[in-house]
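Novice: As a plain string of letters, each chain reads:
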Amino acid sequence: MPTLAHYLLVSGGLFSIGLAGVLLRRNILIIFMGLELMLNAANLSLVAFSRFHPGHDGLPGYNAQVLVFFIITVAAAEVAVGLAIIVALFRAKQTTHVEDLDTLKF
Amino acid sequence: MSMLAAPWIILFTPLAAAAVILFVGRHSKPLSAGLAIASAAVGCVLSWWLFCQPDPAEPNQFPWIQIGTDLQIPIGVTVDHLSKVMLVVVTTIATLVFTYSLGYMKTEEGYWRYFAGLALFLFSMLGIVLADNFMMMFIFWELVGLSSYILIGHYFKRDAAADASKQAFIVNRVGDFGFLLGILFLWGATGTLMFGGLTSAGGIAHFATNPFYLTVACVLIFCGTVGKSAQMPLHVWLPNSMEGPTPVSSLLHAATMVAAGVYMLARIFPILEAAPNALDVIAWVGGITCFAAALMATQQDDIKRILAYSTISQLGYMVLGIASANSADVSMFHLFTHACFKCLLFLCAGSVIVGMHHEQNIWKMGALKNKMPFTFLAMVAGGLALSGCPFTSGYFSKDLIIAWAVVKHPFLGWLSVATAGLTAFYTFRLIFVVFLGKPRGDHAKHASESPMVMLVPLACLAIPALIAGFPFIEKIFFHTTDPEGVPALLHPVLYVLFFGGVALAWTLYAQAAKDPVSIPLFANRLYIDDFYNWMVKNIQGGGAEVLSWADRWIVDLLIVQVPSKITWAGGFVLRFLQIGNIQAYAFFFGAGVIGLLYLLIFR
Numbered sequence: 283m284p285t286l287a288h289y290l291l292v293s294g295g296l297f298s299i300g301l302a303g304v305l306l307r308r309n310i311l312i313i314f315m316g317l318e319l320m321l322n323a324a325n326l327s328l329v330a331f332s333r334f335h336p337g338h339d340g341l342p343g344y345n346a347q348v349l350v351f352f353i354i355t356v357a358a359a360e361v362a363v364g365l366a367i368i369v370a371l372f373r374a375k376q377t378t379h380v381e382d383l384d385t386l387k388f
Numbered sequence: 283m284s285m286l287a288a289p290w291i292i293l294f295t296p297l298a299a300a301a302v303i304l305f306v307g308r309h310s311k312p313l314s315a316g317l318a319i320a321s322a323a324v325g326c327v328l329s330w331w332l333f334c335q336p337d338p339a340e341p342n343q344f345p346w347i348q349i350g351t352d353l354q355i356p357i358g359v360t361v362d363h364l365s366k367v368m369l370v371v372v373t374t375i376a377t378l379v380f381t382y383s384l385g386y387m388k389t390e391e392g393y394w395r396y397f398a399g400l401a402l403f404l405f406s407m408l409g410i411v412l413a414d415n416f417m418m419m420f421i422f423w424e425l426v427g428l429s430s431y432i433l434i435g436h437y438f439k440r441d442a443a444a445d446a447s448k449q450a451f452i453v454n455r456v457g458d459f460g461f462l463l464g465i466l467f468l469w470g471a472t473g474t475l476m477f478g479g480l481t482s483a484g485g486i487a488h489f490a491t492n493p494f495y496l497t498v499a500c501v502l503i504f505c506g507t508v509g510k511s512a513q514m515p516l517h518v519w520l521p522n523s524m525e526g527p528t529p530v531s532s533l534l535h536a537a538t539m540v541a542a543g544v545y546m547l548a549r550i551f552p553i554l555e556a557a558p559n560a561l562d563v564i565a566w567v568g569g570i571t572c573f574a575a576a577l578m579a580t581q582q583d584d585i586k587r588i589l590a591y592s593t594i595s596q597l598g599y600m601v602l603g604i605a606s607a608n609s610a611d612v613s614m615f616h617l618f619t620h621a622c623f624k625c626l627l628f629l630c631a632g633s634v635i636v637g638m639h640h641e642q643n644i645w646k647m648g649a650l651k652n653k654m655p656f657t658f659l660a661m662v663a664g665g666l667a668l669s670g671c672p673f674t675s676g677y678f679s680k681d682l683i684i685a686w687a688v689v690k691h692p693f694l695g696w697l698s699v700a701t702a703g704l705t706a707f708y709t710f711r712l713i714f715v716v717f718l719g720k721p722r723g724d725h726a727k728h729a730s731e732s733p734m735v736m737l738v739p740l741a742c743l744a745i746p747a748l749i750a751g752f753p754f755i756e757k758i759f760f761h762t763t764d765p766e767g768v769p770a771l772l773h774p775v776l777y778v779l780f781f782g783g784v785a786l787a788w789t790l791y792a793q794a795a796k797d798p799v800s801i802p803l804f805a806n807r808l809y810i811d812d813f814y815n816w817m818v819k820n821i822q823g824g825g826a827e828v829l830s831w832a833d834r835w836i837v838d839l840l841i842v843q844v845p846s847k848i849t850w851a852g853g854f855v856l857r858f859l860q861i862g863n864i865q866a867y868a869f870f871f872g873a874g875v876i877g878l879l880y881l882l883i884f885r
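Going line by line, the protein sequences match chains U and X.
Under the working numbering, the letters of the first sequence match residues 283 to 388, in that order.
Under the working numbering, the letters of the second sequence match residues 283 to 885, in that order.
Hints are supplied without guarantee of correctness; some may be wrong.
Computed spacing ranges between beta-carbons, pair by pair [said to hold, decoys possible]:
hint: 1; chain 1: U; residue 1: I354; chain 2: X; residue 2: L881; range: 28 to 34 angstroms
hint: 2; chain 1: U; residue 1: T355; chain 2: X; residue 2: L859; range: 43 to 49 angstroms
hint: 3; chain 1: X; residue 1: T849; chain 2: U; residue 2: L305; range: 30 to 36 angstroms
hint: 4; chain 1: X; residue 1: L839; chain 2: U; residue 2: I354; range: 57 to 63 angstroms
hint: 5; chain 1: X; residue 1: I841; chain 2: U; residue 2: F351; range: 54 to 60 angstroms
If you want the footprint, here are the derived chain X segments under chain U, 3+ residues with CB under 8 angstroms [stated by the list, open to error]:
hint: 6; region: 794-806
hint: 7; region: 848-862
Think of the hints as simulated: they come from the structure by calculation, not from any bench.
Glycine is no exception: its CB is placed at the ideal position from the N, C-alpha and C atoms.
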């Protein structure tokens, strides 16, 4: 029987993979996917908390679940905007490699 | 024409003329001159008409500023005997001077500007005359300062004229500061600015418990007169204002501007009477001014400057008269006769200057008697009146002031008696050097009489200059009384001094080729101008040095430069974090979040 700790371990692992992807990968699309992974790791831990901390009526806590829906919605909007930015960036620079996108410095 | 509308028309016609000249005058010389002269003539006719009417009983005003119930400033006109006489003097003199300007300014540049300035000047002066409260008077007081600035600086391309206009403005401002303080003092005690309320018995009763307060207020208000009427020690601007065109000097010295200070004292005479200590201050300032200015006049070489110092001296008489006599009419009487003969003298000087092709040094003139006979006669008439020749206008009015002064302030009175002798001396020194002797330069050899348009005003003024003092004329305008206890010696002494002064001038100057007397102290105007220059240069300049140092090293360096450099340096350090690598930013961000979490959880 998996306990809360198992879920949180998986969630933490997913978050770490996402963070590593954001920090280490050079392709902006992969970085973007890393971000999504971090969001979903957060979702997973929220759902796990909801499941293992039921309310007074014995039902899973709905606060966390509502928060998950929010995150999914915001993530969808973010994907739409982010991908559009990446497309625009590619059109301007002909690259998706973050090391080539370094003009914003002193 | 109603009695109520007439003063408003007199007041605003010159302003309207000035505005029209300002907008369209530059295209047409006759239009600008015509409008200015017409506005003065309208005022003149209406003033004489008003003079013949009885005083209106009801106040003639409308509300302007009302702040709560404490501060009420209406715009209104006073029509009483004092203002009616002054209106007549101002508008009549203005009409003659404006007409004379037609001839004098014929070939000068800035024709329309000049006439707009004259009309504005007239408007400002009429505002002072008609004002029925201190605030309105102060506004017009400043307008007079402004318009004199414009007119004295008419030849602004010449440095001397530009400096003189600035000096006139700034020196007047010194006096006006005291004037404004004095107005506020009076308002603070009585809660009213209306002349009617202030000079009534009820207004003066406010000060019954605190006479010192009233003395301070009156002395402060007198500061306004010291500035505007060129009393010592603020007299320096008046001789320098001679840089303006001569008709302006004439107007300024006869009817407008300098007369304003004396008129203001006459307007508040009942308050002054309640403050005997302030009257003593006023008497001393007036007496010393009258004597010192006469001394300075004896050694000047510029025809207009001699007259300017004589104006200061005569204004000293008027101020002394205010402080000595039992009624302001004594000084107003002298103001009236002085307006006639001083205006005449300046217009004569202008005529001489035009004849001499704008040469003003009397030692380059000479023997103009035959070249300019009419000007000569007019100048002699003015000179006789100025020096108090028996049975001319100056004789009656000046001797009256001297008699009052001798009774009330014996020392100052005898000082003013001595001044009378000096007046005769310097006036006839001027006349003898300019009109007698031999020509001392080419201009003097080829001088010619001025045109009719300039001579007619001379004639119009020469007659009142001679006869305006006779009792039958005086009774029309003034109600003066002779003081009691005048020393029997006084009048003989004055006769002797007059003839002695003329005789001395004759002996020394009738045939002199150059000035036989040289008194540097008087020629350099008692070094007062030099002292002011020294003061401005060293004291004010030294203060400016200190402030400049403080501005440069404290404000600019410590308050502005140092924080700016610190901010800049902080920015310079922080900009090394801006490396342009998105993943580095993400790393900083993550590190920051971890740092915050650490602080939140483990501290």
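Novice: Against this structure, judge whether each hint is valid.
Specialist: Hints, one by one, checked against the model:
Our hint of 28 to 34 angstroms for I354/U and L881/X holds, since their Cβ atoms are close to 31 angstroms apart. For the pair T355/U and L859/X, the supplied restraint of 43 to 49 angstroms is violated, since their beta-carbon distance comes to about 34 angstroms. The supplied range of 30 to 36 angstroms is met by T849/X and L305/U, whose beta-carbon atoms lie about 33 angstroms from each other. Between L839/X and I354/U the CB atoms are about 59 angstroms apart, so this pair conforms to the stated range of 57 to 63 angstroms.
Distance hint for I841/X and F351/U: a CB-CB separation of about 56 angstroms, consistent with the stated range 54 to 60 angstroms. Counting residues of the region 794-806 of chain X whose beta-carbon sits less than 8 angstroms from any beta-carbon of chain U gives 0, not enough to reach three: the coverage restraint is violated. Figure legend: the region 848-862 of chain X, annotated as covered by chain U; annotation consistent (5 residues with Cβ-Cβ distances under 8 angstroms, at least 3 required).
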